[in-house]
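Trainee: Now for the letters of each chain:
2 protein chains.
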Amino acid sequence: MKRRQFLKAGSVGLAAGTVAAPAIAQSSPEIKWRLSSTFPKSLDTLFGASESFAKFCSEMTDGKFQIQPFAAGEIVGMPQALDAVSNGTVEMIHGPGYYYVGRDPALAIMADIPFMMNARQRNAWLMIGGGLDLVNEYVSQFNVYTLPGGNTGTQMGGWFRKEVKTVADLQGLKFRIAGLAGQVLAKMGAVPQQIPGGDIYPALERGTIDAAEWVGPYDDEKLGFAKIAPFYYYPGFWEGAPGVSFWFNKAKWDELPKTYKAVANSAAYHAGMEMTAKYDARNPAALRRLVAAGAQLRPFSQEILEAGFKASNELYDEISAKNAAFKKLYEHCRAFRNEEYLWWQVAEYTFDNFMIRSRVSASGAPAPR
Amino acid sequence: MKRRQFLKAGSVGLAAGTVAAPAIAQSSPEIKWRLSSTFPKSLDTLFGASESFAKFCSEMTDGKFQIQPFAAGEIVGMPQALDAVSNGTVEMIHGPGYYYVGRDPALAIMADIPFMMNARQRNAWLMIGGGLDLVNEYVSQFNVYTLPGGNTGTQMGGWFRKEVKTVADLQGLKFRIAGLAGQVLAKMGAVPQQIPGGDIYPALERGTIDAAEWVGPYDDEKLGFAKIAPFYYYPGFWEGAPGVSFWFNKAKWDELPKTYKAVANSAAYHAGMEMTAKYDARNPAALRRLVAAGAQLRPFSQEILEAGFKASNELYDEISAKNAAFKKLYEHCRAFRNEEYLWWQVAEYTFDNFMIRSRVSASGAPAPR
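Chains as they are written, first to last, in my numbering: chain A, 7 to 375; chain B, 7 to 375.
The following block holds chain A by itself, in its conformation from the complex (with noise of 0.2 Å):
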């Protein structure tokens, strides 16, 4: 064991220091790649992270490191893009990993679980408190190395034929929700039901499900559920900062020049933060127009965020229990978020509390509710 181990870490080092570095690297070769994304341009702010991170890495080599960004299912659809990354039919992908949590649940992670940070707590996880490395380290099984790709911010909880107020409302609730979420709604009591995003309208509009969760305002708005499931719950707990990856096949990531690899580096810290920004930007007035055609914001309850909780910490509980990579990640993560919010709840989270309850006042508008 030890000794494949050296060998492995041995050639991989190897790889990366003799390929990448003397001939290649001085150089500023023509490359071409194709950029499967996992998601629909419909997703028009998830799918546009592609053609920025396209963009520029093309401005920045004067046209020569070229990657053409395709929508899911052009060239592989989402399922498949993960084997299609690690097999080398596409030199890259864009999409979260949680996506593959039916592969691995440590794949998760990656993304977001249930509980666990908001964005910029992540970003910091990644890019300081050393979540990136490991991600690599392990998702080096797949073949692939990764780097961030962008964050949608807390997501919303989804939409709703009645309101649901305690964990009770939840039970037996055909609930539109995949992968780890789906395993706590399930412990709640609710049933998870996966069904593509065009189908979710005519399940809900005839009753096949009672509700059905998206992405946000401004995504969600484009689905029309205000008519149809009008109670609008937040926060999407599950998904209090899901963070997008752009996954690079290990040997086309190695085989780069440097200077290519500090482009890549550099284009998808760029478009990871546009697209928090266009969330950002774009969900207010979303917001406002979902409220105009009838959306009824409504807070989940206290009763029903805790019961989340802690159907949440005894699943982490019993993946961990048989999957080392994922105890591994999980614990990482968790004892960083704990600390990110011994101090966030100290002056950001109280300069926005002061914010929210003077909004009225500054800008003379109504509340949402």
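These aren't lab readings, by the way, just hints derived from the structure by calculation.
Some clues are possibly wrong.
In this list, chains with the same sequence are indistinguishable; a pair is considered to hold if it fits within one copy or across any two.
Said to hold, decoys possible - Calculated pairs, DSBU-like style, for lysine-lysine (alpha carbon to alpha carbon, straight line, at most 30 Å): (1) Lys264 to Lys333; (2) Lys267 to Lys334; (3) Lys180 to Lys264; (4) Lys168 to Lys61; (5) Lys47 to Lys328; (6) Lys264 to Lys61; (7) Lys233 to Lys256; (8) Lys168 to Lys228; (9) Lys61 to Lys258; (10) Lys316 to Lys328; (11) Lys180 to Lys70; (12) Lys267 to Lys168.
Please arrange chain B on chain A, whose structure you already have, making use of the hints.
Mentor: Chain B only, in chain A's frame:
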């Protein structure tokens, strides 16, 4: 007037179009620049953004676009830095606009003014909300072009020798605080003092001043105020999200090859994102150490926050009445803020709220007070 404006606009457009595009843009010339930071090296996270910016630019251009960062005072001091970049003594500087509020209060808005917004909102305003374009239109009179260059997040309210519970407790209080924040505090009854960073400790120790604000836990810890002015107030309502900028001499910026402009652009966002991540990652442990060293955390009372908000809005009305540039930037920024907090109170804030309340049970660790 109109003719002069036309000529001025025309010549700038011409320079950008002809100098930057054809010959130089196709090549990768060796360019060596000097960057004068407005920060000392002891403020390593703030100064570090210049080092990271330079590193990213070098790595992305195979060492051809070289920027050497200097600490405040090595070439020019902080007060002279804006002039130095305006007249081309240095090609670029790094610092917050509010350092030059004495020249024009409008310069503060590109950094931060009391009771404005949080770091993600400010970034959304700059990147997507049209803020950066408006800022650059305004600062072109100083012969500069700017890019966002990081944010500290909400700062602390500073160190006080005695508790301040009411506005009455602020009367005559000698408070080391500068800029528009100082003017707001003066309206509230305090007496703003301007003292260089290195002189604060003896002034506080002797009682020459009663209070001093600096940055946040990580930077404050180095100055040792906990021993002599133990009441550590929050939030720094005058700095909800101080944004630092990279400022480029306009002619030097326009001369850059297109590829280097793209490199500088992504490098600036990357370095800025890293700065915020560093603060977010480093502040929690520093806060713990400060509390262990005797710091007593105190929230500003609702009475003080409300008086500060009222005084700020009065000040903004007074400045707006005589300064059209300030009025234009302020009203744009304020309108964006008001919309942002409409949305923020829904998903982001309620998620943070629950996570903060759950923190003790999740970690088993005591809250900081």
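Trainee: State for each hint whether it applies.
Mentor: To see whether the hints hold, each was checked on the structure:
1. Lys264 to Lys333: This pair counts as neither: shortest intra-copy Cα distance 34 Å, inter-copy 47 Å.
2. Lys267 to Lys334: within (28 Å within a copy, 41 Å between copies)
3. Lys180 to Lys264: neither (50 Å within a copy, 54 Å between copies)
4. Lys168 to Lys61: Cα proximity of Lys168 and Lys61: none, with 44 Å in one copy and 55 Å across.
5. Lys47 to Lys328: For Lys47 and Lys328, neither the intra-copy (38 Å) nor the inter-copy (48 Å) Cα distance is at most 30 Å.
6. Lys264 to Lys61: Answer is both: 19 Å inside a copy and 13 Å across each meet the 30 Å cutoff.
7. Lys233 to Lys256: neither (46 Å within a copy, 52 Å between copies)
8. Lys168 to Lys228: Within one copy only: 21 Å inside a chain, 55 Å across chains, cut-off 30 Å.
9. Lys61 to Lys258: Intra 19 Å, inter 24 Å, cutoff 30 Å: intra and inter.
10. Lys316 to Lys328: Within one copy only: 19 Å inside, 57 Å across.
11. Lys180 to Lys70: neither (50 Å within a copy, 59 Å between copies)
12. Lys267 to Lys168: neither (50 Å within a copy, 53 Å between copies)
In this structure, the hints that do not hold are numbers 1, 3, 4, 5, 7, 11 and 12, in rising order.
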